Every structure is written in C-alpha cells, then in structure tokens.
Amino acid sequence: MSAQAAPSQRTDLPQQKSPPAATELGPRPTVIRQPRRGAAGRIVAPLLVLAAVLALWSLASHVLLDPDRRFLLPPPGDVLRTGLLDRANLAELLAALWSTIRVALVGLAVAMVLGVALAVLMSQARWVEHSIYPYAIVLQTIPILAVVPLLGFWFGFDFLSRVIVCVLVSLFPMITNTLFGLKSAETGHHDLFTLYGASRWQRLWRLQLPAALPAMITGFKISSGLSVIGAIVADFFFRQGEPGIGRLIDVYRQRLQTEQLMTALLLSSLVGLALFFSFDLWGSHVDKLRRAKGPH
Amino acid sequence: MERAVEGGDQPPIDFHTVSMTYHGATHALDRVSLRVRLGEFVSLVGPSGCGKSTLLRLVAGFERPTAGSVTSPGQALGYVFQDATLLPWRTVLDNVELPGQLLGIAPDERRAQAREALRRVGLASFERHRPAQLSGGMRMRASIARALTLRPRVFLFDEPFGALDEITRERLNEELLSLFVAEPFAGLFVTHSVPESVFLSTRVIVMSARPGRIVADIDVPFPYPRAPELRYQPEFAALAGQVSAALREVSS
Chain A
1 MSAQAAPSQR TDLPQQKSPP AATELGPRPT VIRQPRRGAA GRIVAPLLVL
51 AAVLALWSLA SHVLLDPDRR FLLPPPGDVL RTGLLDRANL AELLAALWST
101 IRVALVGLAV AMVLGVALAV LMSQARWVEH SIYPYAIVLQ TIPILAVVPL
151 LGFWFGFDFL SRVIVCVLVS LFPMITNTLF GLKSAETGHH DLFTLYGASR
201 WQRLWRLQLP AALPAMITGF KISSGLSVIG AIVADFFFRQ GEPGIGRLID
251 VYRQRLQTEQ LMTALLLSSL VGLALFFSFD LWGSHVDKLR RAKGPH
Chain Y
1 MERAVEGGDQ PPIDFHTVSM TYHGATHALD RVSLRVRLGE FVSLVGPSGC
51 GKSTLLRLVA GFERPTAGSV TSPGQALGYV FQDATLLPWR TVLDNVELPG
101 QLLGIAPDER RAQAREALRR VGLASFERHR PAQLSGGMRM RASIARALTL
151 RPRVFLFDEP FGALDEITRE RLNEELLSLF VAEPFAGLFV THSVPESVFL
201 STRVIVMSAR PGRIVADIDV PFPYPRAPEL RYQPEFAALA GQVSAALREV
251 SS
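Line by line, the protein sequences are chains A and Y.
Letter by letter, the first sequence follows residues 1 to 296 in my numbering.
Letter by letter, the second sequence follows residues 1 to 252 in my numbering.
Certain hints may be false.
[What the hints assert, rightly or not] FRET-style restraints, in silico, Cβ to Cβ:
hint, chain 1, residue 1, chain 2, residue 2, range
1, Y, P228, A, Y133, 55 to 65 Å
2, Y, A245, A, F180, 15 to 25 Å
3, A, L121, Y, A112, 31 to 41 Å
4, A, T187, Y, D219, 48 to 58 Å
5, A, G41, Y, R64, 34 to 44 Å
[Stated by the list, open to error] Which chain A residues stay away from chain Y? Per the calculated CB distances, all over 10 Å, these:
hint, residue
6, A45
7, V110
8, I144
9, G188
10, T194
11, Q202
12, K221
Think of the hints as simulated: they come from the structure by calculation, not from any bench.
Nothing here was measured: the structure is a model prediction, and the numbers come from that model.
By construction, the Cβ of each residue, glycine as well, lies at the ideal position given by its N, Cα and C atoms.
Could you put together the complete structure from these sequences and hints?
As structure tokens, this is what we get:
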C-alpha cells in the first residue's frame, strides 16, 4: 500500500529481506513488515517544527525586543555561544547536570522497583488494592513544593532527600500502569493456567508479569521524565550539598543570565528525552515481537 | 459401529442431570445428561448461548454445576480454546512446553514431549517462531500441539476452527481426525458448523436455546479413517440434513 510513497525514503535504510519464496510445500512463516513510510517523517517532521520555532524565536528577539531588553529572550545563536561553546559555562553546566542525572536515575530505579512491587501486591488481593490505592492517588495530588521542605527537615538536604522527591514524583504512573498491565492478561490465558493447576506464583511470573511488560514500559516512559523534573525541583530547593541543574537555574535566574538559564533547560530536557526514547525503543521492540495479526 | 474402546465402565466424561444457573438469574443448562466414552468423538451443536461452551468449562473445572454432577478426568485433559491462546512473548516450542512446565515436569522431558507434539501437527520446523509470525491455521495447530503434549485421554474443543477460512478448516479437520485415529481419545467438540460436526464425530448432540437441553442425539456411523471425499457422499448429506433439521427446529 505504501509502495509509491516509500522508495525515496528507503535508500538509507537497510533493505528489507524479501520473504522466502513459497517453493517448499506446507506452511511457511509470514514475514512481518514494518511500515517504512513513517520512518523519514518521524525525523524530518520534528526537525521542521524545530526550525520554525528557532525562526520565530530569532524573529522575536531581533525584531520585537529592543537591544537593551534583548536579555529577556536572547537569540538562539547567543544561547548556543554562551551556554554551550563557552568552556567555563559548559563545564559548570555539565558537572551540575551529572549530579542531577545521578539523582534522577537512582530515583527512577527506586520508583520502578517500588512501583512494580506495590502493583504486584495490589494485584494479588482486592483488599490490598483497596487499602493502598487511595494513598497512591494522594501521591499524585500532594503539592510536591510543600513536601520538599519537610523532607529536608527529616532527611537532610542532600542526596537522600533529592532521591525521595524523585520517587514521590515518579511513583504513581509506575503503580497504575503496572497494575493495569497485570490485569490485562487475557481470560483465555488465565483459563489455560487454571487448567494446568498453576500456582499463584506461576500465574504471576509466567503470565501476569510478561503480559504487563508493555504497560510497565509505558510507565517507565512517563516516570523517566518525571524523575528528571523531581531531581531538578529538589535541587532547586535544597541549597546544600552538591549543586545540580536546579541550583544553577536559580543562580542564573538571580543574575539574569538568560543564555545559561536556557541552556540549562535545554540540557535537562535532553536528559528526559534520552531516557524516554531508550524506553520507547525497548517498548517498540517488545511490541514488534508480540504483535499478533488478524485472523486468516 | 461401536468405537468405544474397552477401558473400565467409567466413561471419562459423565454429565448427570446437570443444571447451571449463573448469578441466580441466567438459566444456562437444564438437566443435561451425557456420557462420552474413550474412542467417542462427540460434537455439540446448537444456537448461540445454549450452554455448549459451559459444558466444556464444567469438565475442565472452570465452573461448578448448580445441580447434578460432572465426572471429569482432572488435569489429564487437553483443552483447545476458541482462540489459539498462545502466549505472544514465547516461541512456539516454549508455548507447547507450558503445560509440562506448570505441572513441574523436568525440562528435558517436557521439551522432548513438546517436540513430539509439534511433529505430530506438522510444525516441527517452526519451534523457534513466535505466534505473531504464524498464520491463523498454524497458530491453531500449535494450540492443538500444546493440548497434545501430556497425551491426555480427554480432549475438549471450544469452536477451535471458527475463525479460519474454509480450506484451512477442512484441512485441520482431517488432521484432527488422523490424530484421533492414531490415538483414540474421548472428544467433546463445540461447533457451529453442521458439516464439521458430522465429518468429525461418532455422535452429534443438538442442543436447544437457553436453557440448554439435549434435543437430539444423532449417531454418525461412518468408519474411521474418513476420507475428505466423504463430505460429498449422499449418506453424509442425509445425516447433515438430519442435524440441520434438528437445529432449525430449536432455532425457530
């Protein structure tokens, strides 16, 4: 169907092997084709949007702003020069970024393990689900800004507290997505496990958890972005210990260093993006292996 | 002709005046009595919702009857579901190994059993494939192989070929019969297709609409093995007509 649209985009992609010829008798595997049409679009389209945003941005800072007010929105070139190409600035930013990444990764890992564990517990008995779920929702609704100082009082203003903030921010999507996934195992599969007298453990390990994997990966994707935000928010408020991106953002804000401020934003969202797309890649791999086609 | 194999007096499947009411409201089955002996292949036909599948679920132990009793062979049974119900994250071989794995059979032994079952359904060279790489007919073959692994003496089929095209369906019917002839079992087969029921079975049971009752019990005297051409013999057409007439009566 996509034959006409595809050729020009296919040149840089490895050629899809043609399906094995149907010479042998009997059934043969059906080769699964990935739709190729979207591949180039997925790269070109967002680049076009980026170009448009950069153009508007340059236009705004050069045309709309007087030169003496240009610090409010410095043009992209200035941001690049000051933020990324200046050695001292870049070193400062990268050091802070590394501190933030460590907090975010540890927080995300804890949220993943804890979220999956809680969801598994909740999937095992209704009463557990009923007793935990309301508090999981509370997690989602508490204003994190109000909790951050409390955590500081209790656990100090260093690594531990920052990780806890990360976990609080990113736990909820892990719980809900995993729980949804655990419950998504098909009735027919459950019947099959009942037929062979599967234990609760076998059902969980061999059916529910594998069935939940795609939903869990969705949870990882959402939580990965949140954990980076959590690390930055915590860092912004805890003014002690190793400075992360959050603290630099605060400093740049006070000094009206908009170029550095925007670079910090750019770098931290790049971290979130990198995490998101790693999980996304894993998710598409899992989907590709499992994707069932319609009945023939 | 008498196909029942001698094996004690106790038939592996025995429904004794079984009634079934769901949630105290839906009356699904009404005093159904039915025995299936070893070497008998019994098809159940009837309007949708007449409780055919419920009978299978009772034998498998997924449900309990509201009244009456059901004798079933416990775990020594193969169940072929309406969908292939293969686990999409497992290879074909791993899927076929699942029953042995759940029952704690040693890995080497269950692997050998699974390979043998795949060979019997003609999927030996597809053991490394994933379900998504197979056609509907091949997925159903893998599903049958999975039910075969433990060499059960009782087989339950819940409309297994309903979603397949005519050619694939007839081919699988013939393959199923060759499995039955090679190693006779007690089979209970739910279907909507009259020709399929006559072609496969030693007996065809016609059930009424809800609450399901047995309204006709028709013997199919053709000997096994049955050739595909049997479907076009006048005797076959006459029996199919008889089943069809009984069905029409309960459906109107």
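Hint check:
no.: 1; hint: Y/P228 x A/Y133: 55 to 65 Å; result: holds, 57 Å
no.: 2; hint: Y/A245 x A/F180: 15 to 25 Å; result: violated, 49 Å
no.: 3; hint: A/L121 x Y/A112: 31 to 41 Å; result: holds, 38 Å
no.: 4; hint: A/T187 x Y/D219: 48 to 58 Å; result: violated, 35 Å
no.: 5; hint: A/G41 x Y/R64: 34 to 44 Å; result: violated, 56 Å
no.: 6; hint: A45; result: holds, 29 Å
no.: 7; hint: V110; result: holds, 26 Å
no.: 8; hint: I144; result: holds, 36 Å
no.: 9; hint: G188; result: violated, 4 Å
no.: 10; hint: T194; result: violated, 6 Å
no.: 11; hint: Q202; result: violated, 6 Å
no.: 12; hint: K221; result: holds, 19 Å
The structure fails to meet hints 2, 4, 5, 9, 10 and 11 from the earlier list, while all remaining hints are met.
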